[in-house]
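Protein chains in written order, with this note's numbering: chain F, 498 to 847; chain Y, 498 to 847; chain S, 498 to 847; chain G, 498 to 847.
Keep in mind that the hints were calculated from the coordinates and are not lab data.
Take these hints with a grain of salt, some might be off.
Which copy is meant is left open, because identical chains are indistinguishable; a pair holds if it fits in one copy or across any two.
As the list claims (entries may be wrong) - With a straight-line cut-off of 20 Å between C-alpha atoms, the simulated SDA-like cross-links for lysine to any residue are:
1. 596 with 535
2. 695 with 813
3. 596 with 758
4. 596 with 645
5. 596 with 761
6. 695 with 754
In this text the structure is predicted, and so the values were computed from the model without any measurement.
Number of protein chains: 4
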Amino acid sequence: MSGNSIGKVFVLTTWGESHGAAIGAVVDGCPPGLDLEERDIQRELDRRRPGRGAAVSPRLEEDRVEILSGVFEGRTTGTPISLVIRNRDRRSGDYSALKDVYRPGHGDYTYDRKYGLRDHRGGGRASGRETAARVAGGAVAKKLLQRENISILAYTVELGGVGIKDFDEEAIGATSMFCPDREAAENMEAVIEEARKKGDTIGGVVEIVVRGCPAGLGEPVFDKFDGDLARAVMSIGTVKGVEIGAGFQTARMTGAACNDSLGPEGFRTNNAGGILAGITTGADIVMRVACKPISSIPSPQETLDRSGNPATVMVSGRHDLSVIPRIIPVCEAMTALVVADHLLRQKTIT
Amino acid sequence: MSGNSIGKVFVLTTWGESHGAAIGAVVDGCPPGLDLEERDIQRELDRRRPGRGAAVSPRLEEDRVEILSGVFEGRTTGTPISLVIRNRDRRSGDYSALKDVYRPGHGDYTYDRKYGLRDHRGGGRASGRETAARVAGGAVAKKLLQRENISILAYTVELGGVGIKDFDEEAIGATSMFCPDREAAENMEAVIEEARKKGDTIGGVVEIVVRGCPAGLGEPVFDKFDGDLARAVMSIGTVKGVEIGAGFQTARMTGAACNDSLGPEGFRTNNAGGILAGITTGADIVMRVACKPISSIPSPQETLDRSGNPATVMVSGRHDLSVIPRIIPVCEAMTALVVADHLLRQKTIT
Amino acid sequence: MSGNSIGKVFVLTTWGESHGAAIGAVVDGCPPGLDLEERDIQRELDRRRPGRGAAVSPRLEEDRVEILSGVFEGRTTGTPISLVIRNRDRRSGDYSALKDVYRPGHGDYTYDRKYGLRDHRGGGRASGRETAARVAGGAVAKKLLQRENISILAYTVELGGVGIKDFDEEAIGATSMFCPDREAAENMEAVIEEARKKGDTIGGVVEIVVRGCPAGLGEPVFDKFDGDLARAVMSIGTVKGVEIGAGFQTARMTGAACNDSLGPEGFRTNNAGGILAGITTGADIVMRVACKPISSIPSPQETLDRSGNPATVMVSGRHDLSVIPRIIPVCEAMTALVVADHLLRQKTIT
Amino acid sequence: MSGNSIGKVFVLTTWGESHGAAIGAVVDGCPPGLDLEERDIQRELDRRRPGRGAAVSPRLEEDRVEILSGVFEGRTTGTPISLVIRNRDRRSGDYSALKDVYRPGHGDYTYDRKYGLRDHRGGGRASGRETAARVAGGAVAKKLLQRENISILAYTVELGGVGIKDFDEEAIGATSMFCPDREAAENMEAVIEEARKKGDTIGGVVEIVVRGCPAGLGEPVFDKFDGDLARAVMSIGTVKGVEIGAGFQTARMTGAACNDSLGPEGFRTNNAGGILAGITTGADIVMRVACKPISSIPSPQETLDRSGNPATVMVSGRHDLSVIPRIIPVCEAMTALVVADHLLRQKTIT
């Protein structure tokens with residue numbers, strides 16, 4: 498109930514602090530007989546640490562995952578899959594200056610208000626590092642989806658005000674920004690460089706598409722497929738908005754324009770984003786998430802210290818300039834977890 | 498697990514179909530000793546049936562709630578509160594024509610794909626009528642919040658392309674559109690009239706504000722306060738997008754501009770919408786939801802019938818032209834449920 | 498979380514107080530397409546009010562169940578099934594004398610300590626009457642099991658010190674005590690008569706058998722099939738002990754004697770009661786529950802009042818002398834709920 | 498939902514197989530600010546491996562626990578506490594002979610039926626070794642209870658037919674059997690020696706007492722305190738029966754004898770075992786569990802192999818002769834988890 502688990506059948510629990518001994522995940526509810534090796538998970542973790550592109554921090558995060566349980570002779574057994582990633586780069590000293598001061602935009606203040614104490618090292622539990630455990634757990638979900646021919650693809654559609662104008666799927670894997678528009682990708686890199694010079698950070702928008710998802714997934718009325726997706730991606734620290742299909746645009750449409758008419762070939766448009774009344778239609782599921790700029794900026798900011806006195810804080814350290822592109826595999830992971838969960842849930846009524 | 502319950506401590510379960518015998522709700526986890534009468538709930542239900550304004554359907558929904566359990570001598574006892582609303586206006590005949598055809602934008606197709614059969618009368622479980630049960634349950638949550646001096650206010654900020662330019666809180670209660678800008682409200686009415694003439698429907702945007710919410714609510718990492726809010730409002734049928742604080746705008750901001758600096762007087766801006774790292778800051782919680790136009794339009798639409806043959810459907814019946822303003826109390830109810838739930842959850846760690 | 502729901506996939510929630518307006522149940526997670534009518538449920542409710550035998554109270558409980566949702570044209574739709582039973586016999590006056598005094602063996606004292614207030618009329622939520630809602634919900638589970646050729650049978654094996662020596666299945670339906678030994682049944686009736694004369698009550702033991710349950714149900718490690726069964730039956734007010742298979746006898750056996758050897762014909766003995774390592778073996782599931790004597794006795798007892806002063810209480814009213822036989826269908830219902838839940842859970846891994 | 502978690506607020510999840518890389522636990526929901534060190538947990542683990550007494554296997558299990566998260570500067574932070582115990586003694590070779598044969602009394606057969614495959618090494622997930630993770634998690638619960646002055650004590654009251662006749666609390670810590678009757682303890686040792694000579698194993702009964710538990714814990718109607726206790730201890734592999742207070746004896750008592758009368762000094766007897774209507778009374782909570790003899794016996798037994806052919810199996814290896822006394826700290830752990838969970842749950846209504 499303390500919120501470190503997600504899913505009802507396919508359940509991911511994550512644990513760990515940024516600068517503790519390790520972070521990790523437990524996946525419960527994964528069906529038996531699924532091929533799974535450490536490299537399936539490692540591959541996803543490596544995508545989260547692309548080492549390419551302008552937005553990425555030079556901090557070394559060599560994330561090596563170890564499967565401690567739930568897999569026997571290369572296949573899942575149906576018992577919990579425990580995944581551990583040791584924290585190798587634990588220079589807590591970097592963070593001691595932040596012990597008693599609340600960084601704007603971070604969880605420092607709210608954690609203190611909630612718990613009365615906190616592990617201040619690198620954001621502790623609120624660190625973006627926690628998402629590595631999500632990616633690890635999501636990799637297991639992806640293996641399950643792969644077996645069902647369901648695929649998930651996330652990519653950048655906007656960064657620092659630069660939006661895409663073209664969609665070339667091959668560009669996603671080829672550009673450092675996971676961007677389907679090569680020209681836009683270059684402009685995005687430029688915007689990031691500019692931000693770096695100014696000592697600032699930038700935000701953007703990621704689009705996520707699920708292909709091959711069968712119709713009929715999602716539960717009325719509170720566990721709608723879109724509601725669960727929204728919660729899953731909104732649980733990523735920097736996400737401040739989410740929309741399904743035509744999303745906020747639907748608010749400006751008329752019913753005649755918004756309704757997706759249905760013909761023998763399927764839905765003729767997809768303003769619904771593949772979900773009607775909370776249940777998948779069989780069309781592509783399409784979702785966009787708004788990512789705020791990274792809160793750690795290398796410029797002085799006004800704030801308070803723990804005693805309530807005014808203070809100035811400047812977050813040096815090694816930080817990314819944008820959560821994009823590193824958030825991309827995290828978005829995919831969270832989406833994969835929701836799809837896997839509902840896929841298994843649907844089995845209970847058939 | 499079938500999705501008809503929401504909340505972990507303060508739990509609402511709803512049941513009922515649009516044209517069944519009744520709809521209802523069970524509220525479990527409400528603390529004992531709270532003053533509660535049927536009129537507390539009736540008041541909220543009546544707000545959902547405002548009977549005022551251009552957008553509202555002439556269909557008579559005299560929703561009379563009855564408290565069947567959990568209240569003794571005017572106070573809650575800590576046991577489940579069962580609420581029932583009989584369906585009085587059950588002209589199922591109106592709907593028999595829709596038995597074998599999938600209305601675009603509705604759940605007809607997806608329910609059939611999910612369950613293999615469905616109660617087609619008026620949308621059955623997927624009907625907007627189900628939200629009356631949410632409003633009833635939310636009214637109990639509101640009573641709890643009232644005791645803690647937490648208030649929730651939802652209002653229209655955009656309808657059919659008309660946005661607000663002014664914020665006069667008194668106008669919310671005075672305009673048929675629950676709109677804080679009287680001039681915009683008039684324009685919204687005009688837009689609705691226009692849609693009516695064209696046989697079409699329109700969408701809009703609702704903003705929800707929570708005032709007086711203490712800091713420290715929300716659970717890392719998956720049950721973040723914003724994630725739970727997003728899921729709660731996204732579970733309302735017509736909501737296709739949700740954003741917290743500056744929302745999608747943050748994607749176009751720099752970190753320096755987006756971070757809310759903190760002074761002795763509190764947060765100086767509220768781009769975070771009252772939530773940092775998934776935990777409330779004590780500032781107002783601000784959220785906006787995008788509502789698509791109502792899918793039932795009195796014009797012919799192309800679709801399929803249950804056998805997969807092309808068909809044309811025209812939804813006559815008595816329908817609203819916009820979910821706004823009737824969705825307003827529903828938004829408040831869903832928000833109240835989330836706040837009440839997290840308020841009680843926080844008690845477990847203190 | 499407040500404990501009024503049981504099950505993870507097939508979920509029963511009950512609500513209602515003994516002397517409130519009604520009691521009821523919501524069944525969520527029942528698969529669609531199951532034949533279900535009110536009489537399927539009424540039949541089970543009527544078994545709970547057998548009107549036969551010496552142990553039964555003359556209090557008239559005409560329990561008429563009404564299905565308010567989740568069933569359309571005689572079949573379940575997959576949406577929540579709401580069941581309501583109006584309380585017709587609400588002579589609260591009978592109970593006003595008990596408002597400020599704690600009846601020994603009842604929940605009066607503990608409810609007050611827990612909630613600070615309570616609905617004292619007839620035990621309120623703690624009344625045995627609440628079990629009618631369980632029987633109603635269990636009837637739905639039984640319909641599901643019936644489709645899978647799983648049957649549940651509960652019967653009396655001991656009452657007031659009289660144990661069975663014979664097992665004649667036909668006698669169960671034919672004796673007022675649901676006892677498979679006709680001679681023992683007569684002796685049980687005599688023991689009850691004796692208790693009535695003395696102004697006392699008696700306890701007994703019920704055995705429950707599940708036949709046709711497939712192997713492989715139950716979840717390691719905490720949701721073992723036997724653990725869930727134990728919790729389900731222990732949640733019936735008067736149950737103070739539960740054992741599976743040879744139960745407490747196994748504590749006095751050696752491993753060689755206790756282990757059920759396995760041959761081509763199946764398990765040769767059933768000391769395990771059909772469950773190994775928490776998972777069903779395919780053999781009959783066998784369980785016994787110890788029922789304490791009814792706490793309401795028509796003789797003076799020493800106790801305290803709400804102010805902490807010594808008091809004497811004599812519970813007159815109309816009460817049974819033993820929970821047996823009325824607990825029999827309740828035991829079956831609780832068992833059916835567990836089997837149905839695990840049956841559906843197992844589908845998620847296959 | 499796959500059953501590897503227990504608790505609703507204070508939640509323990511365990512993972513790991515007997516001969517995998519490690520076993521472990523995640524404790525979620527533990528309040529912040531609790532003093533916790535590895536040695537608090539190690540102490541309990543060491544009690545599970547007493548190294549004393551006749552019943553214990555010579556297999557070396559040097560269980561070293563490591564806290565990987567959730568504790569900062571010696572105190573819990575409110576975030577998940579991850580505990581890992583590496584499996585050091587992994588001679589899987591010992592078990593390869595059992596790969597294709599079903600050991601009577603074990604989960605081999607049922608796991609195969611459930612999952613279609615299994616980790617056969619040493620029982621895999623069904624091994625008693627999994628209980629080390631429970632003990633680790635329970636140690637955290639105990640720390641919480643300690644702060645509230647609640648203590649838990651488990652001890653042997655019967656072994657191989659030898660029951661206690663005396664209660665000397667000091668003897669519990671002094672005898673190898675954790676037995677409060679020194680003379681009975683000696684007889685128990687003798688019975689174990691006898692079983693060893695015969696190549697057999699024996700069962701027994703453990704009593705568990707909770708002292709200092711406040712009144713008012715436990716949730717009507719399905720999450721009764723006794724129901725949750727029953728489930729928790731029944732989830733230990735070898736437990737086949739559980740009774741609360743006078744337990745099965747109440748079935749032979751009259752109401753007048755069974756009811757615990759209440760005086761200014763409190764309850765005068767404790768047949769209820771400290772629980773009325775599922776809610777704690779404030780009196781000692783008393784429970785007994787029946788433990789079947791260990792299923793691994795060093796004598797030939799008839800069974801089937803995976804192909805369904807008759808086979809003979811003789812479990813050599815290093816095994817205990819009785820789960821007692823090693824089950825004692827496991828019983829305490831499971832009890833502590835339930836008490837901690839309900840202690841925190843009760844906070845939500847106050």
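*If the cutoff is 20 Å on CA atoms, where do residue 596 and residue 535 land: within, between, both or neither? Let me know, please.*
neither (36 Å within a copy, 24 Å between copies)
*Tell me, please, which holds for residue 695 and residue 754 at an alpha-carbon limit of 20 Å: within, between, both or neither?*
The answer is between: 13 Å across copies meets 20 Å, while 44 Å in one copy does not.
*Taking 20 Å as the upper bound on the Cα-Cα distance, should residue 596 and residue 761 be classified as within, between, both, or neither?*
between (62 Å within a copy, 19 Å between copies)
_As a check of your reading, is residue 596 near residue 645 (CA-CA no more than 20 Å) within one copy, between copies, both or neither?_
neither (47 Å within a copy, 30 Å between copies)
*Have a look at residue 695 and residue 813 and pick one of within, between, both or neither, based on CA distance no larger than 20 Å.*
Only inside one copy: residue 695 and residue 813 sit 14 Å apart there, 59 Å across copies, limit 20 Å.
_20 Å Cα threshold - placement of residue 758 relative to residue 596_ = between (57 Å within a copy, 18 Å between copies)
In terms of the numbered hints stated before, the structure departs from hints 1 and 4, listed from lowest to highest.
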